[in-house]
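Construct the complete structure from the given sequences, taking the supplied hints into account.
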Amino acid sequence: MRTFSCQCGNTLHFSNTRCVSCGLMLGFMPDEKKLSAFTKHEKGIWRSAANGKLYRQCKNYSVQDVCNWMIPAEQQGELCASCELTRTIPNLDQPENRLLWFRMEQAKRRLLYTLYKLELPVVSRYQDPQHGLGFEFLEDQVEDDFGNELTVKNFVSTGHSAGIITLNLKEAEHSSRVKMREEMNEQYRTLLGHFRHESGHYYWDRLVRNSPWLEEFRELFGDERLDYTYALQNYYDHGPAPEWHKVWVSAYASMHPWEDWAETWAHYLHMVDTLETASNFDFSVSSYQVVNPLHQLPQSDEAKSEAHFNQLYNDWCRLTAVLNALNRSMGLDDAYPFVISNIATNKLRFIHKVICAAYKS
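All the letters of the sequence shown, read from the start, carry residue numbers 1 to 361 under UniProt numbering.
What the hints contain is simulated information worked out from the structure, not anything from laboratory work. Remember, predicted model here, so these are calculated numbers, not experimental data. Positions of the beta carbon are idealized from the N, C-alpha and C atoms, including for glycine. Please note that a few of the clues may not be correct.
Unchecked claim - Estimated spans, in silico, between C-beta atoms of each pair: (1) N185 to H295: 36 to 42 Å; (2) D227 to E136: 21 to 27 Å; (3) E182 to K34: 37 to 43 Å.
Claimed, not checked - Here are the simulated BS3-like cross-link-like pairs (lysine-lysine), alpha carbons at most 30 Å apart as the crow flies: (4) K304 to K246; (5) K43 to K53; (6) K59 to K33; (7) K43 to K33; (8) K43 to K59; (9) K117 to K59; (10) K59 to K34; (11) K353 to K34; (12) K246 to K33; (13) K59 to K179; (14) K59 to K40; (15) K304 to K353; (16) K117 to K353; (17) K34 to K53; (18) K353 to K246; (19) K304 to K34; (20) K34 to K117; (21) K40 to K53; (22) K117 to K304; (23) K117 to K170; (24) K117 to K33; (25) K179 to K246; (26) K59 to K353; (27) K40 to K117; (28) K117 to K53; (29) K33 to K53.
Here it is as structure tokens:
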């Protein structure tokens with residue numbers, strides 16, 4: 001994630017809605033992949049200071065205040081490119097849900113920014129009812145048994161099915177997510193990480209299923225035709241594969257080839273987004289300048305793709321060593337508590353190759 005510049009010269013951040021220097025309203029333009037200051041043109045219409053074009057605020061920006069994205073003025077619809085992907089929002093009659101909904105949408109927008117920069121296909125359910133991408137933010141259904149402690153009646157599982165990504169609203173509640181991480185004995189659990197992981201399942205369907213990549217995928221990750229329900233139950237009954245760290249990026253990745261892909265995909269998105277941030281701030285480690293991996297991906301050239309990945313991965317190893325050391329100095333957990341084996345690195349390399357082949361195709 002990079003920073004942006006206001007027309008007044010002030011530095012802007014992705015989630016900002018108003019410039020603290022000049023006071024102008026801010027909005028993100030998905031068509032330009034940029035945050036811009038805006039001036040009022042006429043009722044409901046704003047002019048971008050960055051490109052001079054006219055835009056409208058997303059309804060979830062102007063009315064609900066949970067968004068900061070804009071819609072080109074000539075485009076139909078009340079919702080922006082991000083909000084139109086959300087099929088179900090939480091019950092806003094519960095006051096605490098508005099903040100949780102905002103966090104969900106904020107994490108989704110960060111995911112979409114990276115997908116846009118990688119030029120991966122992002123197609124809504126309205127554009128493609130069968131294969132489009134959609135999100136549902138659902139709550140566990142609970143009942144109060146005559147004033148006794150609330151009990152869960154219907155539990156919402158975070159997951160992906162045929163393009164629809166479902167997230168349990170509790171994942172946006174920090175204390176609940178930390179509790180779940182400890183109960184699951186996980187090294188890392190973030191809301192953005194959930195979005196990145198579940199998007200991996202969607203892009204496996206879009207980029208790998210029934211494609212020329214499938215054979216190489218099976219060589220690296222295993223055969224996805226293995227019974228998923230059995231693998232899931234086996235994982236929860238017996239835990240991860242022994243010495244999982246030698247083969248997989250995480251314990252959960254050892255459960256099934258689809259989860260291995262999704263976990264590795266999420267790590268790849270962690271890498272490229274964090275490296276873009278470091279590059280944006282001219283970060284260097286021991287005289288090695290961090291290169292922005294999202295500046296321009298090599299297209300379908302395997303040799304260039306390999307060199308690009310090596311640069312990306314070497315930068316990542318150096319950067320995460322520094323990030324972890326800085327966190328320890330502050331008494332915090334490691335920012336990236338993983339050691340990636342050579343086998344897992346090759347899986348990351350494969351994902352990079354698949355994305356490069358899809359880039360601008």
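Taking the hints in turn, this is what the structure says about them:
{"no.": "1", "hint": "N185 to H295: 36 to 42 Å", "verdict": "holds, 38 Å"}
{"no.": "2", "hint": "D227 to E136: 21 to 27 Å", "verdict": "holds, 26 Å"}
{"no.": "3", "hint": "E182 to K34: 37 to 43 Å", "verdict": "holds, 39 Å"}
{"no.": "4", "hint": "K304 to K246", "verdict": "holds, 28 Å"}
{"no.": "5", "hint": "K43 to K53", "verdict": "holds, 15 Å"}
{"no.": "6", "hint": "K59 to K33", "verdict": "holds, 19 Å"}
{"no.": "7", "hint": "K43 to K33", "verdict": "holds, 25 Å"}
{"no.": "8", "hint": "K43 to K59", "verdict": "holds, 14 Å"}
{"no.": "9", "hint": "K117 to K59", "verdict": "holds, 24 Å"}
{"no.": "10", "hint": "K59 to K34", "verdict": "holds, 19 Å"}
{"no.": "11", "hint": "K353 to K34", "verdict": "holds, 26 Å"}
{"no.": "12", "hint": "K246 to K33", "verdict": "violated, 38 Å"}
{"no.": "13", "hint": "K59 to K179", "verdict": "violated, 34 Å"}
{"no.": "14", "hint": "K59 to K40", "verdict": "holds, 16 Å"}
{"no.": "15", "hint": "K304 to K353", "verdict": "holds, 10 Å"}
{"no.": "16", "hint": "K117 to K353", "verdict": "holds, 16 Å"}
{"no.": "17", "hint": "K34 to K53", "verdict": "holds, 13 Å"}
{"no.": "18", "hint": "K353 to K246", "verdict": "holds, 22 Å"}
{"no.": "19", "hint": "K304 to K34", "verdict": "holds, 27 Å"}
{"no.": "20", "hint": "K34 to K117", "verdict": "holds, 11 Å"}
{"no.": "21", "hint": "K40 to K53", "verdict": "holds, 12 Å"}
{"no.": "22", "hint": "K117 to K304", "verdict": "holds, 18 Å"}
{"no.": "23", "hint": "K117 to K170", "verdict": "holds, 29 Å"}
{"no.": "24", "hint": "K117 to K33", "verdict": "holds, 8 Å"}
{"no.": "25", "hint": "K179 to K246", "verdict": "holds, 27 Å"}
{"no.": "26", "hint": "K59 to K353", "verdict": "violated, 38 Å"}
{"no.": "27", "hint": "K40 to K117", "verdict": "holds, 29 Å"}
{"no.": "28", "hint": "K117 to K53", "verdict": "holds, 21 Å"}
{"no.": "29", "hint": "K33 to K53", "verdict": "holds, 14 Å"}
The structure shown violates the earlier hints numbered 12, 13 and 26.
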